[in-house]
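Asks: Protein chains in written order, with my numbering: chain A, 1 to 287; chain B, 1001 to 1281; chain C, 2001 to 2848.
Among the hints, a few may not be true.
27 Å max Cα-Cα, derived DSS-like pairs, lysine-lysine [claimed, not checked]: (1) C/Lys2583 - B/Lys1182; (2) A/Lys278 - B/Lys1238; (3) C/Lys2583 - C/Lys2542; (4) C/Lys2067 - B/Lys1207; (5) B/Lys1156 - A/Lys73; (6) A/Lys155 - A/Lys275.
The set of hints was computed from the structure by calculation and includes no laboratory data.
As the structure is a prediction and not an experimental result, all values here were calculated from the model.
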Amino acid sequence: MSEGYYGRPIVKPPTWTDLIPTYFFAGGLAGAAATLAFAERTARNDRLARAMIFGAAAGCAVSAFCLIADLKKPERFMNMLRVVKPTSPMSVGVYIFSAFSGSVFIAAGSEITGVARSAGRFFEAIAGLIGPVMSVYTAVLVGDTVMPAWHLPRKTLPGLFAATSATSAGAWGLLFASARDNGSARRLALVGGTAMVAVLQALHHEIGPAQAQAYSKGEAGALARSARLLNVSGIVCAALGKDSNAISRIAGALLLAGGLTERFAVYRAGCASAKDPKYVLEAQKSN
Amino acid sequence: MSRACPEPVEGFIDLTSAAAESATYGAEERDRMGFFTDTTLCIGCKACEVACKEWNQLPSDGYEFTGESYDNTKELSGNTWRHVAFVEQMEPERDTGRWLMESDVCKHCTHAGCLDVCPTGAIIRTEFGTVVIQDDICNGCGYCVVACPFGVIGEKQEDHTMGKCTLCYDRLKVGEQPACAKACPTESIQYGVVDELRERAEKRLEKVQQKFDGAQLYLNDPNDGVGGGGSLFLLLDKPQVYGLPPNPIVPTKDLPQRWRTAGIAAAALFGAVVLCAVSRR
Amino acid sequence: MGTSFGRGGATTFQQDLQNSDCIVIMGSNMAENHPVGFQWVMEARERGATVIHVDPRFTRTSAAATKHVPIRAGSDIAFLGGIIHYILKNDRAFKEYVVNYTNGPVLLRDDFKDSEELDGFFSGWHADKNGYTHETWQYKDMDTHGEPPDTDKTLQDPRCVYQVLKRHYARYTPETVARICGTEPQHVIDVAEALCANSGRERTSAFCYSVAWTQHTTGVQTIRGAAIIQLLLGNIGRPGGGILALRGHASIQGSTDIPTLFNILPGYIPMPHAHAHDDLKDFIESEGAKTGSWGNMDKYIVSLLKAWFGERATEQNDFCFDLLPRINGDHSSYRSIMGMLDGTVKGFFCIGENPAVGSANSGLHRRALANLEWLVVRDFSEIESASFWYDAPEIESGELHTESIPTEVFWMPAAAHAEKDGSFTNTQRLLQWHHQAVEPKGEAHSDLWFYYHLGKRIKEKIAAQEEPFSDPIAFLTWNYPEKGETADPDAQAVLREINGWDANGRALSDYNGLKADGSTACGCWIYCGCFKDEVNQTARRKPGSEQSWVAPEWAWAWPANRRIIYNRASADPQGKPWSERKKYVWWDEEKAEWTGHDVPDFNKTKRPDYTPEAGAKAEDAIAGWQPFVMQEDGLGWLFVPNGIVDGPLPVFYEPHESPVKNALYSQQANPCRQQFPRTFNESNPSPSDAHGDVFPFVLHTYRLTEHHTAGGMSRTVPHLSELQPEFFCEVSPELAQLRGLTHGDWATIFTSRAVIEARVMVTDRVKPMRVDGKTLHSVGLPYHWGSRGLVTGDSANDLLNITLDPNAHIQETKGLTCDIISGRRPRGKDVPDFMNAVRTRSHLEGQE
Ligand SMILES: Nc1nc2c(c(=O)[nH]1)N[C@H]1C(S)=C(S)[C@@H](COP(=O)(O)OP(=O)(O)OC[C@H]3O[C@@H](n4cnc5c(=O)[nH]c(N)nc54)[C@H](O)[C@@H]3O)O[C@H]1N2
Ligand SMILES: Nc1nc2c(c(=O)[nH]1)N[C@H]1C(S)=C(S)[C@@H](COP(=O)(O)OP(=O)(O)OC[C@H]3O[C@@H](n4cnc5c(=O)[nH]c(N)nc54)[C@H](O)[C@@H]3O)O[C@H]1N2
Ligand code: SF4
Ligand code: SF4
Ligand code: SF4
Ligand code: SF4
Ligand code: SF4
Ligand SMILES: [Mo]
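For reference, chain A alone in the conformation it holds in the complex (with noise of 0.2 Å):
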């Protein structure tokens, strides 16, 4: 007979629906973003800056709907706003949010508008300081779960969510700035790209093979390996493309792809190691 009871799953996996990981893309996304246009706008690179705070407010737009949309009653998000709960990296996590999530959209309604410009450099400031949390802090977030693929990886899921952020942001960047002036984006791609490989390399060594088996199989292995070609490709062009606007706007699709699809493979490998006894029991039996 299968492991356990009847092979039924001992945890829940998450109830929640495709919009939370592509919330976990676009956050990342935009935390990095704005933290990109930050300095790039003190390094007074500001066409960079202007496609970066528009792509952070982008992500914050799409994070703000998948947020909103999968507790199905929107103003159900209120709630969420009655505590601060130390203990909760959703509560934590929220008013981050919230904090960056305004400021990015204050700092790009003034980038559009003209309007008080400065009060927009504040805050974009602010944004790109608070910026890497808002790209990290949901690690944290899943981290805090009993699914043992989110839970086990505790020292390199962080880097890792900083690593796709990076990538997704630099790509943001090939995608939107011209070659021109997209080279501090590409670096980050580049950067973020090799590091979010390396990375995952790590994580998979730090939860052991029998744990790393929720990554590597199924679904999620699947995504993991698309996720793969998509990213080294994006790399390949980015490093190559430097010269040209469309190879580096292939690259930036790819990349952004790549991203999203890491993702996906990532809260798949979560929701695998959730729906199969065996990892928590394997997970248990070492501590």
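Chain A is already provided as a structure; the job is to place chains B and C with the ligands on it using the hints.
Replies: Just chains B and C with the ligands now, kept in the frame of chain A:
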């Protein structure tokens, strides 16, 4: 007297809302109440399941034949707060054997993952030390579902909020025992003050162990990964045989470290961006 | 039970099981079907008692027992015989009890011949009449002088019951029994030894049974087997002992006490027979006994007639005895069904039952209902018995057509127990009152309302006619206080009439107060006392924690609030408790009365050494040491000289349908069983017949905790339906392999009556049997499903055959034959085709 507010245990984050919220009950705080489910007395009648649904007016979960012994309930869910597990273990020659039955329920953990992570404060620790979801506050975010080491919580499809055993908070309030315990004909479900239940469970184990090798108490140890359960169990076999995690740990246990690691990752991300931005050619 | 001890009810109560040292649950799945009572078995187990479950399947009861013994369905008499053999062979009987309290020492007539001598028949068999005459079964010299029979207190005389018993059971050795039952000899020995070791002065054992004993063509004899064991081991009338008949429906005990049966009046007074009972005197003389409690028959029947006919009943008119209906044969439920098919029964009240699903051969029942002129169904929902005319399986298969069914169906909603006042009489003869909690919804009314107002209307119509034939109804007292808008009659007033009143109209306090002169009225003599002191005793609810463990102040038990009956036997002949540990009722010399934890089931002041004078009547004829006060001789009957039609001792016969030959006698099945051979009630051939191998598997049916009987009350409830959503069959892995059945998939099961389908549950809990060197497989079916409700499925009862126990007219539902194949069953017109092929294969076309 056992206070409803569980003492903080070393290694757990001290900010647990368990401690914070329960402390607010002040004079209204009651003895910590819970269950001792003695599976050696369970006859698998499912009266507990039915009593729970009747009392809490929960709808059926659908009509599916599983073929998994006499268990068509399958698992705890948003609308099923008691679940009786059936495990057939016949000896090879099959004249004798065991048919293990266990009535599962929320563990009302001392360190409750669900409560820790709930972002709305919908999940509270009551004056009885029990863990209750207030369904008018729950926003359906689903975080508690993935934070429970026992897979207890599920979604109520009707309104997309989450459901689980309330330890019959409404009945406790008026001095009644929970519906399931009341319905159980064999006292397999014993309701009472947790400290007393622990003592009783230990005595019972001594007796049962003489006959059954594998007999063990589950969630009786305040030093286990969830700080012990408000509902404890006497099992005749390994927890996983009944679909229970052998070594549950509240996910928030290492939350501070997680934030620290995340902080490093965020800093690295910031650094990387800045480096990329300054290292222009 | 009635024939062995004197009363047809459980001898003990469920709470008393906690005092048992050994409990044998056999023919019952107590944990699943009586879970609340089962807590006392668990309590006994926790106190160290041995709990044995004998059942073909390993059930939830087996799981809680200390030992499970699998046996083949229908082999119980052999198994019990094995235990009796063991007791007698090893001289383990409780001699003092046997010698003083049973008819073990009584000598039998010389011309009595045992079934061992006549190959499965007793003396007195008349093949032409398919029945016995009983005179050779009588005690020696009884008919010559009306004195106590001859006895041999040493139990040595070869004609004494004890020695007859010994010879009767000589061949029921553990080995033989195990071969018949498909079990191990060691199991027989273990169970017997556990019983012996836990009986005697210091210890007691109890038996629990239910319908897996009664629903056989040998049902009554199986219970007799247990009675013999318990009498031999001295376990009747003592705490922790007894035989607990576990009843079914909430008030099934009540419905035999105040019967829905055709052949008895309230309180087990026989129904008068046309011709045999011309007048009251005749009746009392032939049906009453000279000695024992039945010696007061005149008081019981006259008081009953006074309750029914009131002022109209006078000494001059024989208290209206004439107006009672008369029976002239078998008018039992199944006989009436045959009448419907034959067109002789034209109308039918179907109240509180669902024969289209719940009765054996439900297909035949549906055909019978479809042949009526009118049918009244009162139930909570439109059950299958009300909807058959448009959704029966026979309509789908084209065998019946809605247009051509003449039955006019009146479906009326009924109020449930929480919607009305009333009482339940439960398994342990306990009357418990329930108060109305809510008003019935919509058009629903209580059954009492229905009968009362129906009666009123009939009386009105009849009053106009003033014909003599209308007297039985016109004379009936029919005036209960009415309550509320709906004019519901007051249920307590009915209970008070059942209790009865004296000449001054005051409620009687027990049946000793009944008179034969017409000055008392009592609707049911055994219930007399339930309204003692003008208080509804059945509504008492003093918590158990505030009284002794016997809890005499919780509700009220018949007779006279006794919880363990025949409890005089809990003391030795001198009236002292057998042991301190098993003290219950004893003689208090100082007060010169019987006293103890319970109401003594004995004349309170009758000394233990009281010896009746010659010619003493009724209870005066019972000696101070004779505990079975209902019996003419005050003794427990190991051997039953009268009152039972198929033999004074239990004999092992194969079920009516069986895949094996009777290993003990050439007589295959109970020769007295009641059969109804006809189309759609064909019998599967058994081995000694031709083609006896067409149905190779044993079929038996049972219940699940999650559902109730025919399902009208559980398949309509979501919280129950989800727990067992589908009809399934339980089979062993071996049978699954043999027939290619896949767990969770479908199987088709058929007999010569019907073909049905069920989901397959392959489980190790079912074990193939080795019967007489052959491997025998069984198919187990819960019978709760039908075509309506939240969860639907085929009805197991479609498969069954109607063949009955000759005493109780109960059908054999446990132990028939069938075949099983993989996959779903045929549908529509393919059904009759399939069935024709089956009947051809078993050469049954011509069976009529
Ligand atoms: N939950 C629930 N409780 C009920 C009912 C219900 O439908 N559901 N029905 C009520 C009613 S009306 C009644 S009458 C009682 C009946 O109560 P039970 O008599 O306990 O009912 P069954 O389940 O029909 O049969 C009991 C057992 O007999 C076994 N069996 C079958 N054939 C044989 C045989 O030949 N010999 C022996 N020794 N065992 C055999 C079956 O495997 C089964 O486990 O339950 C009452 N209680
Ligand atoms: N194969 C097989 N067949 C069996 C048995 C078996 O073991 N095997 N067991 C047999 C036994 S022991 C029994 S008791 C029968 C049971 O068989 P049935 O008596 O035919 O079945 P139930 O479903 O109990 O039917 C009772 C009906 O009464 C209704 N009812 C309940 N309370 C009230 C009320 O207060 N008033 C009115 N008017 N209606 C009410 C319920 O809704 C239900 O529909 O089945 C018998 N048939
Ligand atoms: S068992 Fe799960 S749902 Fe219950 S208190 Fe513990 S964490 Fe919460
Ligand atoms: S789903 Fe409801 S109870 Fe669960 S964590 Fe979210 S808000 Fe709290
Ligand atoms: S305590 Fe109440 S809510 Fe919890 S399982 Fe029991 S009956 Fe249900
Ligand atoms: S009510 Fe008690 S005996 Fe019945 S299944 Fe539940 S725990 Fe077991
Ligand atoms: S259903 Fe009623 S009668 Fe049957 S066990 Fe439960 S409480 Fe007792
Ligand atoms: Mo029954």
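Asks: Go through the numbered hints given earlier and state which of them the structure violates, listing their numbers in rising order.
Replies: 1
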